[in-house]
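First to last, the sequence lines map onto chains A and B. So the first sequence is numbered by the numbering used here: it starts at 1 and just counts up by one. So the second sequence is numbered by the numbering used here: it starts at 1 and just counts up by one.
You may find that some hints are simply not true.
Chain copies aren't distinguished; within one or between two, either way the pair holds.
[Stated by the list, open to error] The calculated EDC-like cross-link candidates involving lysine to aspartate or glutamate, where the alpha carbons are at most 20 Å apart (straight line), are: (1) Lys342 x Glu313; (2) Lys269 x Glu259; (3) Lys272 x Glu144; (4) Lys49 x Glu400; (5) Lys320 x Asp346; (6) Lys161 x Glu382; (7) Lys272 x Asp48; (8) Lys212 x Asp258; (9) Lys34 x Glu2; (10) Lys212 x Glu193; (11) Lys212 x Glu51; (12) Lys369 x Glu335; (13) Lys276 x Asp241.
Since the hints were made in silico from the structure, they are not lab data.
2 protein chains.
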Amino acid sequence: MESVFASIITIGDELLIGQVVDTNSAWMAQELNKAGIWLKRRVAVGDDKQEIINALEDQARDTHIILMTGGLGPTADDITKPVLNEYFGGKMVVDEKTLIHIQHLFANIYRRPLTDRNLLQAEVPDVCTVLPNKRGSAPGMWFEKDGKIFISLPGVPHEMKGIMTEEVLPRLQQHFTMPFIAHRTMLTAGIGESYLADIIQPWEEKLPAHLKLAYLPNYGMVRLRITGSGADKEQLDRDLDTEFAKVKVLAKEWMVIDEDLPLNMVVGKLLKEQGKTMSTAESCTGGYIAHLITSIPGSSAYYKGSVVAYANEVKENLLKVTPGTLATAGAVSEETVKQMVKGALDALHTDYALAISGIMGPDGGSPEKPVGLVWVAIGNREKTVTHQFNFRFDRMRNIEIAANHSLNLLRKFIAEQG
Amino acid sequence: MESVFASIITIGDELLIGQVVDTNSAWMAQELNKAGIWLKRRVAVGDDKQEIINALEDQARDTHIILMTGGLGPTADDITKPVLNEYFGGKMVVDEKTLIHIQHLFANIYRRPLTDRNLLQAEVPDVCTVLPNKRGSAPGMWFEKDGKIFISLPGVPHEMKGIMTEEVLPRLQQHFTMPFIAHRTMLTAGIGESYLADIIQPWEEKLPAHLKLAYLPNYGMVRLRITGSGADKEQLDRDLDTEFAKVKVLAKEWMVIDEDLPLNMVVGKLLKEQGKTMSTAESCTGGYIAHLITSIPGSSAYYKGSVVAYANEVKENLLKVTPGTLATAGAVSEETVKQMVKGALDALHTDYALAISGIMGPDGGSPEKPVGLVWVAIGNREKTVTHQFNFRFDRMRNIEIAANHSLNLLRKFIAEQG
């Protein structure tokens, strides 16, 4: 059984020059990987005929599957479809099913008049298999040439994901015989990548060749992932479990969870297990922690809400922080976040609360309270714990890292009460 | 004067297989673009020697500058530095300045013991120019070969950005004579890409060859950007201003702003001009609007805070939505968001308030109130306006688009009062 290799070509000036961040190819890479297809390369090119053709030829040399996204829009700068038509020697024909679908979309969903530009989206090269796009007007296209598969998908993320899931992955799985790929992932916090590496090095050096370790540092935490491949799924799972058990012992002190779950889901899982609720009182993170928690479907079962107390008067009025505390200790202080926790528990009637106040920068720092100083408090009716952080990043990263570290403190606190 | 072309190579298994989304190369692309350097291609490869070397050779064929990020960490999976040392025929030597910097970082900033792995980060190929990294331990490296420039930077975003700004861009500007590049950008809302294209097509077709138009659709809005290049900066600015004035007339009805500013900054700018304050009351967006507003430095001048009222009891207790309204009209209704606006104005003492309630999915919909239904109200003491949306995306995209459309309604409301 041979390994199957894929490459992804992202097409579009706006992606190439960075006006839009490409999140598509990361998602596609993960899905391919889960399906046992190894991603060899990702390339981004502009809306330029010769660049697109060069990329197709370069990637076809050493990968079996060439996936493209983008450049299928209705405007003149989107040229992917005519370029592919010419490259694969087809001629443009109207795809009847796509035409009916587009007419339905505009008449019943968008409720807008159908323009000639939109109708053109029903035209496809006659040498491709059409991959229906239930969520939009530009269909996906599947070409085969010299034993290689070329797939073109729209760049709109939810449209691309729909076609990948419903059409591309099932068709690829039918087409190739692939090795099984499996992963074991754990999240660690409170230890840097290089220290962790020192601790697990003796184990890592003895890993069998079909298992590979990766360090994935993110927002001040490190995920460890073992990836394995093999023809025998059960044997592969046994090998992975054996090695994962060993590294879990070595990294026990810093392990947050032994699953590939983000922290906001871990917190939600714990709360659901305990049947408890929580709230937040955010100053410096300005609603970002609330956003992380509520981005999980079903979070309303355990999350009641937040008071984003950006102004001091909101801390006083809604969270009952005393004017005296704000005047003497200041808004960024242990005393203030303790009172904010109590205020959130009272105002939002929850079992747990998390409060945070800090200086995210670039301005607002002082010698005593520099940019990056953050106070966090976590509590319930019985107990409140506090923690001081000193971050050294830019504003957005300070917000993200502070949110993640606070969620980790909350996780520990909830787990200890459980 | 010849055009200068660059390519970016992103190195790392975690980026290649999509465990981490690459935001570095979008930022780098924008900075290069502003400096008059055209990005030709972006490539992502894994931590694999041959793949890295192939990428270097492929990119050096038709670009002048090859920028690399990633693969410089202290762990065994990071191999970029030894690969570059071998490729450029160097030998590893300790860079004294980097060594002193690393010792300082660990002693005074990280306050952690220095391990052998960290010390190794002070070693660099003797054939490179070291680009100091003030924010971390892995220095950047500048190589030259056959008239091409190869630059290796760490993958940690704020470290990479620091070295780019302080070292790479000034050095590149010294090294090359570059054409001037300038942009004019406007943000539009309320019109689809293809309709907008139909309206401005006659103008677009007559654009002079050194000006290029791009459509940048994002979160239900479309940015229009004209990019020009030329040797004479003043002439270029005149040409851009002339064409920009024409398209502004054509797109007047949908224009949000004629600058390259995101909506959250436009709203902040208006509020500062009026000397007014605002607050938010969020249900379905769960703090995301507060986060967008507070991600702007200095937003505390006009933003007081938010009540994230995820649970109905929080809508009642903190925003004074009446139990009767919640029982009869429901949490997702025009009546509820109107009361939420009033509640936010009262509780947070602001001039303006924005309230939102909806069903983001995947669950929670009903035939009468399907997933994607969102009610928004914007108001001040005198007046409240409401708007109903029906989005058709996944949860995260529904949240993002609802937040953006609400901010646009808020912008219009504030502008009308000004």
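Checking each numbered hint in turn, tell me which of them this model violates, lowest number first.
Of the numbered hints, 3, 4, 6, 7, 13 do not hold.
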